[in-house]
Amino acid sequence: MGKQKKTRKYATMKRMLSLRDQRLKEKDRLKPKKKEKKDPSALKEREVWAHLTTSSLIPTLSTFP
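Numbering follows UniProt numbering, in which position 42 of the sequence shown is assigned residue number 42; successive positions increment by one, without gaps.
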């Protein structure tokens with residue numbers, strides 16, 4: 001990276017508003033709360049029932065002679 005590019009990157013970061021900036025309102029200074037992610041290993045009922053209806057457990061007319 002050249003000297004000019006480093007200076008430009010530093011200047012843009014310096015100009016960004018920080019949370020301590022007085023221009024921000026008090027409610028905007030608070031960091032946003034993180035949402036809890038759902039457990040990906042937990043099974044959903046929709047997935048289970050969709051699997052059962054398409055499985056070979058349910059007899060169809062084509063399986064009988």
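Any given hint could be a false lead.
Okay, derived cross-link-like pairs now, DSS-like style, lysine-lysine, Cα gap no bigger than 25 Å in a straight line [said to hold, decoys possible]:
{"#": "1", "residue 1": "Lys25", "residue 2": "Lys38"}
{"#": "2", "residue 1": "Lys14", "residue 2": "Lys35"}
{"#": "3", "residue 1": "Lys14", "residue 2": "Lys3"}
{"#": "4", "residue 1": "Lys25", "residue 2": "Lys14"}
{"#": "5", "residue 1": "Lys25", "residue 2": "Lys37"}
Source of the hints: derived by calculation from the structure; they are not laboratory data.
Now for the hints, and whether the structure bears them out:
1. Of the pairs offered as hints, the one joining lysine 25 and lysine 38 is violated, with about 32 Å between alpha carbons and a cut-off of 25 Å exceeded.
2. For the given pair, lysine 14 sits about 29 Å from lysine 35 by alpha-carbon distance, which is inconsistent with the 25 Å threshold.
3. Note on lysine 14 and lysine 3: the hinted pairing holds, with a Cα-Cα distance of about 16 Å set against a maximum of 25 Å.
4. Restraint check for lysine 25 and lysine 14: satisfied, since their Cα atoms lie roughly 20 Å apart, inside the 25 Å limit.
5. Taking the CA atoms of lysine 25 and lysine 37, the gap is about 29 Å. The hint is violated against a cut of 25 Å.
When held up to the earlier numbered hints, the structure conflicts with 1, 2, 5 and fits the remainder.
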